[in-house]
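Colleague: Listed in order, the protein sequences are those of chains A and B.
Residue numbering for the first sequence follows our numbering, starting at 33 and increasing by one per position.
Residue numbering for the second sequence follows our numbering, starting at 33 and increasing by one per position.
Careful, some of the hints might be misleading.
One copy or any two copies: either way a pair holds, since identical chains are not told apart in the list.
[As the list claims (entries may be wrong)] Below, simulated SDA-like cross-link-like pairs (lysine to any residue); rule was C-alpha separation at most 25 angstroms, straight line: (1) K268 - R446; (2) K210 - S314; (3) K83 - I388; (4) K93 - D327; (5) K210 - D309.
Treat the hints as calculated values from the structure; they're not laboratory data.
There are 2 protein chains.
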Amino acid sequence: MSEASTQRPLRVGLAGLGTVGAGTYELLLRNRNEIARRASRPIEVVAVSDKDLGRVAELTKGLTPVEPDAMALATRNDIDVVVELIGGDGFAKTLMLAAIDAGRHIVTANKALLAKHANEIFGHAHSRGTFIGFEAAVAGGIPIIKALREGLAANRIQSVTGIINGTTNFILTEMREKGLAFSEVLAEAQRLGYAEADPTFDVEGVDAAHKISLLSAIAFGTAVHFDQAHIEGITKLSSRDISYAEQMGYRIKLLGITKRKPGGIELRVHPTLVPEDVLMASVEGAMNAVHVLGDAVGHTLYYGKGAGAMPTASAVVADLIDLARLLEAAPEARVPYLGVAASAKQDLPVLPIAEIESGFYLRLGVKDEPGVLADITRRVADSGISIDAFIQHPGGGGEGQTEVILITHPCIERQIRLAVAQLSALPSVVSDCTVLRVESFQ
Amino acid sequence: MSEASTQRPLRVGLAGLGTVGAGTYELLLRNRNEIARRASRPIEVVAVSDKDLGRVAELTKGLTPVEPDAMALATRNDIDVVVELIGGDGFAKTLMLAAIDAGRHIVTANKALLAKHANEIFGHAHSRGTFIGFEAAVAGGIPIIKALREGLAANRIQSVTGIINGTTNFILTEMREKGLAFSEVLAEAQRLGYAEADPTFDVEGVDAAHKISLLSAIAFGTAVHFDQAHIEGITKLSSRDISYAEQMGYRIKLLGITKRKPGGIELRVHPTLVPEDVLMASVEGAMNAVHVLGDAVGHTLYYGKGAGAMPTASAVVADLIDLARLLEAAPEARVPYLGVAASAKQDLPVLPIAEIESGFYLRLGVKDEPGVLADITRRVADSGISIDAFIQHPGGGGEGQTEVILITHPCIERQIRLAVAQLSALPSVVSDCTVLRVESFQ
Numbered sequence: 033m034s035e036a037s038t039q040r041p042l043r044v045g046l047a048g049l050g051t052v053g054a055g056t057y058e059l060l061l062r063n064r065n066e067i068a069r070r071a072s073r074p075i076e077v078v079a080v081s082d083k084d085l086g087r088v089a090e091l092t093k094g095l096t097p098v099e100p101d102a103m104a105l106a107t108r109n110d111i112d113v114v115v116e117l118i119g120g121d122g123f124a125k126t127l128m129l130a131a132i133d134a135g136r137h138i139v140t141a142n143k144a145l146l147a148k149h150a151n152e153i154f155g156h157a158h159s160r161g162t163f164i165g166f167e168a169a170v171a172g173g174i175p176i177i178k179a180l181r182e183g184l185a186a187n188r189i190q191s192v193t194g195i196i197n198g199t200t201n202f203i204l205t206e207m208r209e210k211g212l213a214f215s216e217v218l219a220e221a222q223r224l225g226y227a228e229a230d231p232t233f234d235v236e237g238v239d240a241a242h243k244i245s246l247l248s249a250i251a252f253g254t255a256v257h258f259d260q261a262h263i264e265g266i267t268k269l270s271s272r273d274i275s276y277a278e279q280m281g282y283r284i285k286l287l288g289i290t291k292r293k294p295g296g297i298e299l300r301v302h303p304t305l306v307p308e309d310v311l312m313a314s315v316e317g318a319m320n321a322v323h324v325l326g327d328a329v330g331h332t333l334y335y336g337k338g339a340g341a342m343p344t345a346s347a348v349v350a351d352l353i354d355l356a357r358l359l360e361a362a363p364e365a366r367v368p369y370l371g372v373a374a375s376a377k378q379d380l381p382v383l384p385i386a387e388i389e390s391g392f393y394l395r396l397g398v399k400d401e402p403g404v405l406a407d408i409t410r411r412v413a414d415s416g417i418s419i420d421a422f423i424q425h426p427g428g429g430g431e432g433q434t435e436v437i438l439i440t441h442p443c444i445e446r447q448i449r450l451a452v453a454q455l456s457a458l459p460s461v462v463s464d465c466t467v468l469r470v471e472s473f474q
Numbered sequence: 033m034s035e036a037s038t039q040r041p042l043r044v045g046l047a048g049l050g051t052v053g054a055g056t057y058e059l060l061l062r063n064r065n066e067i068a069r070r071a072s073r074p075i076e077v078v079a080v081s082d083k084d085l086g087r088v089a090e091l092t093k094g095l096t097p098v099e100p101d102a103m104a105l106a107t108r109n110d111i112d113v114v115v116e117l118i119g120g121d122g123f124a125k126t127l128m129l130a131a132i133d134a135g136r137h138i139v140t141a142n143k144a145l146l147a148k149h150a151n152e153i154f155g156h157a158h159s160r161g162t163f164i165g166f167e168a169a170v171a172g173g174i175p176i177i178k179a180l181r182e183g184l185a186a187n188r189i190q191s192v193t194g195i196i197n198g199t200t201n202f203i204l205t206e207m208r209e210k211g212l213a214f215s216e217v218l219a220e221a222q223r224l225g226y227a228e229a230d231p232t233f234d235v236e237g238v239d240a241a242h243k244i245s246l247l248s249a250i251a252f253g254t255a256v257h258f259d260q261a262h263i264e265g266i267t268k269l270s271s272r273d274i275s276y277a278e279q280m281g282y283r284i285k286l287l288g289i290t291k292r293k294p295g296g297i298e299l300r301v302h303p304t305l306v307p308e309d310v311l312m313a314s315v316e317g318a319m320n321a322v323h324v325l326g327d328a329v330g331h332t333l334y335y336g337k338g339a340g341a342m343p344t345a346s347a348v349v350a351d352l353i354d355l356a357r358l359l360e361a362a363p364e365a366r367v368p369y370l371g372v373a374a375s376a377k378q379d380l381p382v383l384p385i386a387e388i389e390s391g392f393y394l395r396l397g398v399k400d401e402p403g404v405l406a407d408i409t410r411r412v413a414d415s416g417i418s419i420d421a422f423i424q425h426p427g428g429g430g431e432g433q434t435e436v437i438l439i440t441h442p443c444i445e446r447q448i449r450l451a452v453a454q455l456s457a458l459p460s461v462v463s464d465c466t467v468l469r470v471e472s473f474q
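Could you put together the complete structure from these sequences and hints?
Modeller: Printed below as a string of structure tokens:
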């Protein structure tokens with residue numbers, strides 16, 4: 033007889049049977065023996081709840097009791113943990129707070145809710161001694177929260193940088209490989225189910241910002257500062273820039289970036305040029321990857337599927353297994369929500385975007401005349417910015433015009449803005465200046 | 033006042049101040065505030081021990097008491113945990129068992145000791161309720177043991193495949209980039225400190241086998257089967273094969289591979305062809321990476337430095353932080369040594385190498401005559417093996433000869449051995465057949 037069977041089960045109430053909820057239900061059933069071996073006790077779904085009762089019946093085949101009222105499920109006495117897979121920051125928040133009040137533990141994949149209300153929710157949970165697992169909220173099945181909170185806990189983390197939205201990475205990969213425009217690829221992605229009917233949160237970078245805000249708080253032991261993140265999506269990105277970047281040895285990726293700097297932390301999401309010889313550049317399609325730089329460990333990278341029913345369920349159930357082991361232990365034995373106890377947080381200011389340090393990619397349409405290049409490079413040099421690479425694309429921009437593309441060495445964004453203003457005032461410059469940031473991973 | 037300061041320190045006895053021991057000592061000192069925030073208590077080195085007293089004095093500058101007798105250190109009453117960084121499976125084993133007997137917890141980087149004696153040591157530690165952390169034993173600072181034991185615990189793991197020896201990966205990278213022979217690069221690696229004076233354990237694959245044996249036991253919930261691992265190193269690898277592989281779109285890596293199969297598990301270390309478009313192929317120099325395929329999570333990969341003072345210290349201290357949090361908790365609250373409780377282990381047999389399934393690379397010297405290629409491909413096809421790619425290299429092998437290189441689709445190794453025996457018997461075949469395995473990561 034295995035030890036697993038001598039322990040009472042961890043009793044789960046599963047709220048929300050959408051893609052991830054259904055995946056979690058299936059995974060707990062399919063791998064129940066393996067899961068019990070690793071959790072040292074069985075994990076049992078005691079009740080499920082979803083507004084679509086037809087879907088519930090189809091999924092559970094009558095094997096699991098249905099609780100029509102999710103709020104009642106969240107506070108039932110015969111449940112140890114509420115798995116919140118409803119999503120959004122409306123009803124899910126009410127439900128979560130009620131469950132915490134009732135002393136229930138929580139496992140969730142809800143990045144939007146935590147990014148906006150983590151400080152309130154974790155504060156509440158802390159006062160009630162409640163566990164909150166949210167591995168599934170960032171990068172799907174990749175155990176990146178565990179890596180940051182525990183595996184790399186000895187490090188002073190310097191940066192966390194990731195492809196943490198599969199939809200946009202799929203779109204960027206297709207734009208590059210097929211030379212298509214954003215809107216064409218988005219339509220294809222929607223047809224294939226890689227993008228939602230309303231893709232705003234993904235393509236505008238909001239989803240990635242939710243996730244990098246959580247990783248930032250864990251990496252630096254601060255509160256969650258989603259409201260101060262700088263966010264740019266990929267909707268305005270031109271396939272021309274993807275192609276020029278490629279000619280210069282770069283791929284364009286939508287990155288979430290957070291860094292520790294002397295004056296505070298950087299927290300931003302934007303399309304970014306990545307040198308083609310770093311691993312991050314080879315992360316294609318809907319895959320995710322997170323790069324972490326620590327003072328002791330150096331460069332590390334974590335790669336896998338960032339979304340989908342089963343990868344996300346893998347993370348949900350991993351949290352349940354952690355909880356199963358710690359069910360009878362004191363709350364102090366658990367890893368603090370954001371890696372450090374609330375009382376040990378150090379609040380570092382989020383730096384304004386103008387203060388960040390980065391390499392930059394500039395594209396300008398100019399008149400095809402003698403002396404133009406010299407004018408441009410002189411202005412850039414006069415602004416104290418050093419140029420790393422330079423190409424000119426004859427014919428780009430139209431008749432009698434040419435396009436000039438520069439990549440700079442790292443400088444402060446404020447400097448680039450000044451330089452761009454000066455360049456735009458040159459009579460030979462005939463277009464707006466396209467500006468993208470560059471991340472070297474060095 | 034932070035919560036950290038209200039808890040008593042975790043008291044460490046540090047045995048062995050070589051590269052990793054010195055790194056651990058330094059890291060605990062340098063990041064002590066960050067570490068205390070994350071451990072919720074200070075971590076203090078109470079005493080150190082090393083046979084080189086001059087080195088001890090230089091490192092500790094008199095700040096930490098020295099215990100001249102490591103065995104006395106291991107059983108001191110004022111120590112919670114012994115960090116064993118002596119290495120080897122002689123004295124280190126005696127010390128570890130004595131420390132466990134005395135009720136001390138253990139953190140170690142000693143893969144050789146655990147690969148050979150894990151079953152005895154973990155059994156002993158289990159009976160005494162003692163923690164053993166060994167994250168540092170595999171892949172340095174990459175938290176791969178935590179990922180497998182906890183982060184992916186919901187999965188039925190299908191395979192674990194890794195570049196887990198930095199010395200050999202450095203040598204293979206140099207051989208490919210510079211076209212040099214193994215012996216030339218080894219000498220350079222020794223000069224640069226990437227290879228030890230006696231490099232046998234690294235270049236013969238033994239170190240990688242220690243590590244993959246530990247990962248295999250965790251992945252599949254079995255005992256550690258190092259004694260049954262199939263081990264081939266890189267000493268006989270020709271730069272010609274590296275070059276041919278590259279022409280065919282592959283890189284050669286020394287991989288540790290373990291897979292779950294219907295009849296048991298595969299457990300092996302050998303030079304392996306990897307398609308150049310998978311991430312593993314781009315892991316260069318002394319870096320490590322581990323690929324894990326799980327039934328729910330799909331493909332994941334973990335990348336970082338696999339050796340060196342600070343990366344390894346990062347893993348040692350992460351284990352200390354885990355222990356610090358769980359110090360007052362019951363042993364059941366901890367993750368079992370190999371991911372599942374001893375009573376829940378399932379012993380799966382290790383398959384003989386002849387029974388493994390793999391793609392294969394074959395290189396043959398043949399007479400440069402009409403009909404030779406047809407003969408060879410017919411023999412291979414008659415053996416039930418299907419050919420994926422094929423090149424012929426005129427001039428390879430000498431006057432009037434040519435070299436033929438085949439890559440097969442996956443088949444059972446026994447089939448390849450039969451086919452090779454038949455090929456070698458052909459009068460037109462004038463050399464031994466070089467055989468390498470191929471891993472597609474699909």
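Colleague: Now tell me if each hint is right for this structure.
Modeller: Tested hints:
Within a single copy, K268 and R446 get their C-alpha atoms as close as 22 angstroms, which meets the 25 angstroms cut-off; across copies the closest is 56 angstroms, which misses it. Taking the shortest Cα distances, K210 and S314 sit within 25 angstroms of each other both inside one copy (16 angstroms) and across copies (24 angstroms). In the homo-oligomer, the alpha carbons of K83 and I388 never lie at most 25 angstroms apart, since the shortest distance is 45 angstroms inside one protomer and 49 angstroms across protomers. Proximity of K93 and D327 under a CA criterion of 25 angstroms is satisfied inter-copy only: 23 angstroms between copies versus 52 angstroms inside one chain copy.
Taking the shortest Cα distances, K210 and D309 sit within 25 angstroms of each other both inside one copy (21 angstroms) and across copies (18 angstroms).
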